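A.B. asks: Protein chains in written order, with my numbering: chain Z, 1 to 301; chain W, 1 to 387.
There's no promise every hint is true.
Here are the simulated DSS-like cross-link-like pairs (lysine-lysine), alpha carbons at most 25 Å apart as the crow flies [claimed, not checked]:
{"no.": "1", "chain 1": "Z", "residue 1": "Lys-226", "chain 2": "W", "residue 2": "Lys-82"}
{"no.": "2", "chain 1": "W", "residue 1": "Lys-39", "chain 2": "W", "residue 2": "Lys-60"}
{"no.": "3", "chain 1": "Z", "residue 1": "Lys-204", "chain 2": "W", "residue 2": "Lys-82"}
Bear in mind the hints are in silico, worked out from the structure with no lab data behind them. The structure presented is a predicted model; accordingly, all values stated were derived computationally and were not measured.
Residue strings, one per chain:
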Amino acid sequence: MDTIWIVKRCSLPVAGVVALLFCLAIPGHVRATDAPSPWKLAFTLSDKSLHDALPTALYVDGDKKRYYMVDSAGGRLASFDDQGAFQKTFSPEGGLLKPFDMVRLDESVLVVVEKGKNSLTKIDFASKETTRVVVQDQGRQVMVDRLESSAGSLYVLDRATGQIYRLSDSFKIEQRFPLPENSGGIVDFKIVDKQIWALGQQEKTLYVYSDNGLITKRIDISDLVKFPVALALDNGGLVYILDRHQGEVIVLDRKAKLKYRFLDKGHGPQSLYYPMEILFDPWGRLCIVDEGNNRVQVFGR
Amino acid sequence: MKIRFAILLAAGVLVLFCNSALAAQGCISCHPKKEFSGKIVHEPVAQGKCTQCHNPHVAKFKGLLQKQGGDLCYSCHGEAKKAFGQGVQHLPVREGKCLACHSPHASAQKGLLSRPIADSCFSCHESLAKNEFARKHKPFAEGNCVACHQPHNADNYQLLKEDSDKLCLGCHSQPDALAGHKGFPGKAGKCLSCHNPHGGKGKGLIRANSHAPFKKGCTSCHGKEAKGSELCLSCHAGVREQMLAPHTHMFAGDGTCVECHSPHASDIAGLLKAPYEQLCRSCHTDTFDRNRRSLHPHPKTEKCTDCHDAHGSDRLVMLNADGNAVCSRCHKTQGEFSHPVGSDIVDHRTGQGMTCLSCHDPMGTEYRYNLKLSGKKALCVQCHRSY
Chain Z
1 MDTIWIVKRC
11 SLPVAGVVAL
21 LFCLAIPGHV
31 RATDAPSPWK
41 LAFTLSDKSL
51 HDALPTALYV
61 DGDKKRYYMV
71 DSAGGRLASF
81 DDQGAFQKTF
91 SPEGGLLKPF
101 DMVRLDESVL
111 VVVEKGKNSL
121 TKIDFASKET
131 TRVVVQDQGR
141 QVMVDRLESS
151 AGSLYVLDRA
161 TGQIYRLSDS
171 FKIEQRFPLP
181 ENSGGIVDFK
191 IVDKQIWALG
201 QQEKTLYVYS
211 DNGLITKRID
221 ISDLVKFPVA
231 LALDNGGLVY
241 ILDRHQGEVI
251 VLDRKAKLKY
261 RFLDKGHGPQ
271 SLYYPMEILF
281 DPWGRLCIVD
291 EGNNRVQVFG
301 R
Chain W
1 MKIRFAILLA
11 AGVLVLFCNS
21 ALAAQGCISC
31 HPKKEFSGKI
41 VHEPVAQGKC
51 TQCHNPHVAK
61 FKGLLQKQGG
71 DLCYSCHGEA
81 KKAFGQGVQH
91 LPVREGKCLA
101 CHSPHASAQK
111 GLLSRPIADS
121 CFSCHESLAK
131 NEFARKHKPF
141 AEGNCVACHQ
151 PHNADNYQLL
161 KEDSDKLCLG
171 CHSQPDALAG
181 HKGFPGKAGK
191 CLSCHNPHGG
201 KGKGLIRANS
211 HAPFKKGCTS
221 CHGKEAKGSE
231 LCLSCHAGVR
241 EQMLAPHTHM
251 FAGDGTCVEC
261 HSPHASDIAG
271 LLKAPYEQLC
281 RSCHTDTFDR
291 NRRSLHPHPK
301 TEKCTDCHDA
311 HGSDRLVMLN
321 ADGNAVCSRC
331 HKTQGEFSHP
341 VGSDIVDHRT
351 GQGMTCLSCH
361 DPMGTEYRYN
371 LKLSGKKALC
381 VQCHRSY
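Chain Z with its partners taken away, still in its complex shape (with noise of 0.2 Å):
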């Protein structure tokens, strides 16, 4: 009764403003997170020939204009242009054995992360030479996991330790960028003004380092997310963190303040299943490697 006396009595701005103070009222009902994502599919990189594939990772040529996918369960990478269109498979001379990340080292050479030989594989198309380089750290194996390259080196994590090494053009260590304390280990990392960005997923923490190796800043994401397995950086200081388990993508800023979240677990074509890396492309798109539904999305604004 009353609240029909209110309604009937109230001028219309007066109940917009009553309202207004209504909903900033109630903790979270107004809040950043409701924000809409601006990201729409804007196609994606997949084929009928890639059948049985289970993609792990995907390297951007911009000079190229091609897009490559590792699949691991094909022992293969599949390039593809620019509009997503599909070009060709490839593999080496005998295979790779379980590929899991690549990137362009310079015109004619890939390196690509074989995992099934815990090797870094340099494939020379100049020269049509393949070699596998076991990475040694004091006479331990280094057990080579995602791979980064950044003003002409190379970056690679090793999962037995978590840390991350700069090396040389022979491969050979030559910057640590250790393990945090407690860190129980860190899934993956992007490189950006020479500053590294690793992500914990343990312990659910953004780890900043210096190009020195030393941690500049630690960043506690674990109120946002449940597995996280990927990150990637914009230009605008927002920060990507692809949650394998939910399906989804979040979106903080640098101080972790959640801006907003998309995308959700599924088969459709604004879901993921299992999805296993997220990076940008050099011409701003976001694109997700989606290993659960064989594909890759790649998301314009």
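With the hints as your guide, set chain W onto chain Z.
C.D. replies: Positioned in the frame of chain Z, the structure of chain W alone reads:
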């Protein structure tokens, strides 16, 4: 004006007091008073404020409760909600099931516990209760679980009140502990790596299965050049091969293997540090929570490794065989007769071969038979669009 206000206020207080007293009187005229009396009586009950928790006329929840579970308790014990939210939470606390241990009205036990503390603990921790140790640790034998564990939450694994070594050495002094370990290098520590804190077969409560190098002596491993997982893998070459996979449990610092295995002794096969569920849940909390909260959880399996590979796998979600082989080990009928499956039958959503896991999610869903979507239509039309 002030006098008028004071009279109104006094009248209001009187009405409220009479109401609650009358309400209590009304309740007790039907509900036997003895159910609400005991050595310890919950404050609202003692004050006759039944309506603080119950609605006498109609309510959404069983027992005519105003709110459900922890929500009701925390409406008064707000400070407890904040405190219990820290660190490792006991499962009933996490799920707001305060009445799993506490009585809401009255009890003979301190803290309004519904029964002696050990009885409460063992009602869930059944395997521990059934364990007939030849020798028992004194606090365990006395049912004094809270001598070592926190009942609500703790900063330490296993809800331990303190770091395990600190806890052990709080009773067993460092000199006493060292006296029983001749030739032990440095200070005594990592006690639980060899001793079972509840009980065991023999003196010292040493765990049942010992690691072979541990039997030979400490220097079998300690003092060697290789460290951490490298040391373990120098003998366990087969495990190294398993770890050379896209999906692996090899990650962490120097202690990769000892995250799950004890290098010294264990009561569980494979020298595991804890039973599978407990061990796996310590990292995969979200998966266990999802399964527990699902409307249709998969029935409990004995071990996570019935389906998953604990070291490394080339398959999605670290399965130890393909999505059909894993399921048909138990679901034998469906293994022979089902929707067409296999690598030749393509799931158009993923381009991959159809398996049981194309439609089912065994970690629990909101639909019957662990289906990912409703089997009435929503799931089927994802592929069969013309229907």
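A.B. asks: Next step is simple, just say for each hint if it's right about the structure.
C.D. replies: Going through the hints against the structure:
no. : hint                 : in the structure
1   : Z/Lys-226 / W/Lys-82 : holds (21 Å)
2   : W/Lys-39 / W/Lys-60  : violated (31 Å)
3   : Z/Lys-204 / W/Lys-82 : holds (21 Å)
The structure fails hint 2 only (numbered hints given earlier).
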